[in-house]
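Novice: Note that the sequence shown covers residues -22 to -1, 1 to 414 in mature numbering (1 follows the signal peptide of the UniProt record, and there is no 0).
It is worth saying that the hints were derived from the structure and are not from the lab.
Treat each hint with caution, since some may be false.
Stated by the list, open to error - List time: in silico PhoX-like cross-link candidates among lysine-lysine, alpha-carbon distance up to 20 Å:
1) LYS18 <-> LYS302
2) LYS18 <-> LYS150
3) LYS25 <-> LYS302
4) LYS253 <-> LYS126
5) LYS189 <-> LYS209
6) LYS310 <-> LYS287
7) LYS288 <-> LYS25
8) LYS209 <-> LYS150
9) LYS232 <-> LYS198
10) LYS151 <-> LYS126
11) LYS287 <-> LYS81
12) LYS310 <-> LYS53
13) LYS302 <-> LYS333
14) LYS121 <-> LYS257
15) LYS257 <-> LYS209
16) LYS126 <-> LYS257
17) LYS25 <-> LYS257
18) LYS146 <-> LYS232
Stated by the list, open to error - Quick list of simulated restraints, FRET-style, between CB atoms:
19) GLU21 <-> ALA329: 36 to 46 Å
20) THR401 <-> GLU38: 21 to 31 Å
21) GLN389 <-> ASN80: 46 to 56 Å
Values in this document were obtained by computation on a predicted structure and should not be read as measured data.
Beta carbons are placed, not taken as given, at the ideal position from N, Cα and C, and that holds for glycine.
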Amino acid sequence: MKRALSLIGAAVAAFLGSSAQAETLSIATVNNGDMIRMQKLSEHFTKAHPDITLNWVTLEENVLRQRVTTDIAAKGGQYDILTIGTYEVPIWTKQKWLMPLNKLGANYDVEDLLPSIRSGLTTDGTLYAAPFYGESSMVMYRKDLFEKAGLTMPEAPTWAFVSDAARKLTDKKAEVYGICLRGKAGWGENMAFLSAMANSFGASWFDMNWKPQFNTDPWKQTLTTYLGLMKDAGPPGASSNGFNENLALFQSGKCAMWIDATVAASFVSNPAQSKVADKVGYALAPDTGLGKRSNWLWAWNLAIPASSKKGDAAQAFISWATSKDYLDLVAKEEGWANVPPGTRSSLYANAEYRKTAPFADLTLKSIQAADPQHPTVQPVPYTGVQFVAIPEFQGIGTAVGQTFSAALAGQTTADQALQTAQTIATREMTKAGYIK
């Protein structure tokens, strides 16, 4: 009897010991298609790591940004792995809010990460976030509608061509709209698009003295072009449309053109998701001939709060989810065209990927063409293509985005929206000490 009790006690102790070592990782992520696919495929990770359980918190983009920013600033410890963008990484690294990713394993191959993507995630030679997918922006368009209208899309279109084509391709009675563009308010929603568009018109957020530039002609040209185009050729309710809403519109055949993230190319060309999969063409984001195209540079990345007690387990997951082997897994499960793009050089050297992903070359060209160090036509004191890499930008960008979204909804004029944006940005930059 004593021996039996002793054996039971030993078994309980062993169970408790293994339970103490088991860890649950809480992962905050965005509700984009690639992240949802990662969640589905994560059973492959947990099978290989039975001591690690994953708890997923999947959120809409604006909500995700708000929650993870609040949590990490307050050291709340709610999440073990954060999905964050290229904007946050250098700012949060400087604040010492992120754990260095120095345990990703010998086979991870950091050098294979695309230089333009990796540089925004690295400080003093150390990676602080690992890119899950990288993107620029491009034009996705309906080849059949262009052919029917007698139009030919150039590989490098101008805004004049895009605007003219959008109006010619619009058939509102048939619910076909010439162009779909972001209108939902948010520094990473409508302002990501409008900031990149503004770059191509010669506009900038600030001059070299950090004075806001919304009262200049280039910004007026940008906003009036955008509002006029959306009024004439855009879908109804566009002020509520972000990435996911426009993706659904394009996939259902209601957009002749959509200018947005290159990552969307795999979704619009996937016959399981898109009614127009075999009719999609691709082109570079438009320009106005000033030397800058309206393409941005972004990556959704996985990072770990510096305060985390589960760093080793978190790095094991991040290594798996952003590795070459993960790309091979997605290719095996869902085909090469659906692997997360824009992170690794080896993907773009892969003949099978290039063969099955007709958007591969233009995606790489767009990513390589974006220059965060010199984002605008005129010199500026900041880095970042569709954002300004300062902590204050998140608040200012969101407020300006709300103003421009209101103009799109017809609640204010372009001139009034620009004046409000100028007032908001001047007040906040003065308060923060940038303007003396």
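Novice: The structure should be examined with respect to each hint, and the outcome stated for every one.
Specialist: Hint check results:
no.: 1; hint: LYS18 <-> LYS302; in the structure: 18 Å, holds
no.: 2; hint: LYS18 <-> LYS150; in the structure: 38 Å, violated
no.: 3; hint: LYS25 <-> LYS302; in the structure: 18 Å, holds
no.: 4; hint: LYS253 <-> LYS126; in the structure: 18 Å, holds
no.: 5; hint: LYS189 <-> LYS209; in the structure: 31 Å, violated
no.: 6; hint: LYS310 <-> LYS287; in the structure: 34 Å, violated
no.: 7; hint: LYS288 <-> LYS25; in the structure: 19 Å, holds
no.: 8; hint: LYS209 <-> LYS150; in the structure: 11 Å, holds
no.: 9; hint: LYS232 <-> LYS198; in the structure: 29 Å, violated
no.: 10; hint: LYS151 <-> LYS126; in the structure: 17 Å, holds
no.: 11; hint: LYS287 <-> LYS81; in the structure: 15 Å, holds
no.: 12; hint: LYS310 <-> LYS53; in the structure: 39 Å, violated
no.: 13; hint: LYS302 <-> LYS333; in the structure: 18 Å, holds
no.: 14; hint: LYS121 <-> LYS257; in the structure: 5 Å, holds
no.: 15; hint: LYS257 <-> LYS209; in the structure: 25 Å, violated
no.: 16; hint: LYS126 <-> LYS257; in the structure: 12 Å, holds
no.: 17; hint: LYS25 <-> LYS257; in the structure: 39 Å, violated
no.: 18; hint: LYS146 <-> LYS232; in the structure: 14 Å, holds
no.: 19; hint: GLU21 <-> ALA329: 36 to 46 Å; in the structure: 30 Å, violated
no.: 20; hint: THR401 <-> GLU38: 21 to 31 Å; in the structure: 29 Å, holds
no.: 21; hint: GLN389 <-> ASN80: 46 to 56 Å; in the structure: 50 Å, holds
In the structure shown, a violation is registered for the earlier hints numbered 2, 5, 6, 9, 12, 15, 17, 19, in ascending order.
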